[in-house]
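Colleague: Sequence:
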Amino acid sequence: MRLDPFYLIVDSAEWIARLVPLGVKLVQLRIKDRTEAEIRADIRNAKSICSANGCQLIINDYWQLAIEEGCDFLHLGQEDLAGADLSAIREAGLKLGLSTHDGAELETALSARPDYVALGPIYATILKQMKWAPQGLERLREWKIRIAGLPLVAIGGLNVDRIDGVFAHGADSAAVVTDITLNSDPEARTRQWLKATARWRSS
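For the sequence shown, the UniProt record's numbering begins at 1 and goes up steadily by one.
It should be emphasised that the hints constitute simulated quantities derived from the structure, not laboratory data. There may be inaccurate statements among the hints.
If you anchor each label on the Cβ, the simulated ranges turn out as follows [stated by the list, open to error]:
#1 D102 <-> T178: 28 to 36 Å
#2 E142 <-> Q78: 16 to 24 Å
#3 S111 <-> A37: 21 to 29 Å
Heads up, simulated DSS-like pairs for lysine-lysine below, C-alpha to C-alpha not over 30 Å straight-line [to be verified]:
#4 K95 <-> K32
#5 K95 <-> K144
#6 K144 <-> K25
#7 K195 <-> K25
#8 K144 <-> K195
#9 K195 <-> K95
#10 K32 <-> K47
#11 K25 <-> K95
#12 K47 <-> K25
#13 K95 <-> K47
#14 K47 <-> K195
Backbone N, C-alpha and C define an ideal beta-carbon position, used for all residues, glycine too.
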């Protein structure tokens with residue numbers, strides 16, 4: 001499986017409506033602290049927008065809703081993985097991405113037979129409080145060897161200036177949140193990311 005090198009992560013269908021039509025081909029919908037009805041509505045809206053724009057949609061955490069809404073890709077953190085029904089996820093045909101932060105989590109992730117593995121934070125991040133120190137670029141190289149042929153996603157503190165470094169150290173895709181959503185011009189920043197990842201997309 002091949003992932004687009006630009007992996008956008010946003011927390012609403014509104015963001016997806018703003019940014020996906022610019023040319024984004026891979027986006028994760030990561031919603032926190034909303035009602036089930038609101039989350040379901042956002043999943044439906046996001047799915048429609050992504051379908052119309054040829055963009056792969058990945059749903060974060062809500063595996064039951066992803067199954068019920070006919071989605072095809074799911075991302076789980078380690079805590080969510082522990083409570084998820086992997087058999088039901090696989091029976092529904094969902095591809096699965098998993099977060100990892102250390103060696104033990106990588107072993108747990110690999111035992112679940114994921115379709116990709118994410119490693120983070122590569123750099124310090126302001127997205128949320130992390131108990132893990134920044135992993136650094138060399139850890140990406142190590143992870144790439146350990147996961148063999150699986151795609152590797154780098155996440156945490158990434159910006160346009162750091163893209164080449166993560167790809168040079170083994171990442172297949174660079175995930176971004178705040179560098180775009182907190183930017184004064186998210187659309188312009190998204191275009192910068194698309195341009196900066198173009199050569200990795202065609203390689």
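Colleague: What hint numbers does the structure not satisfy?
Modeller: 1, 3
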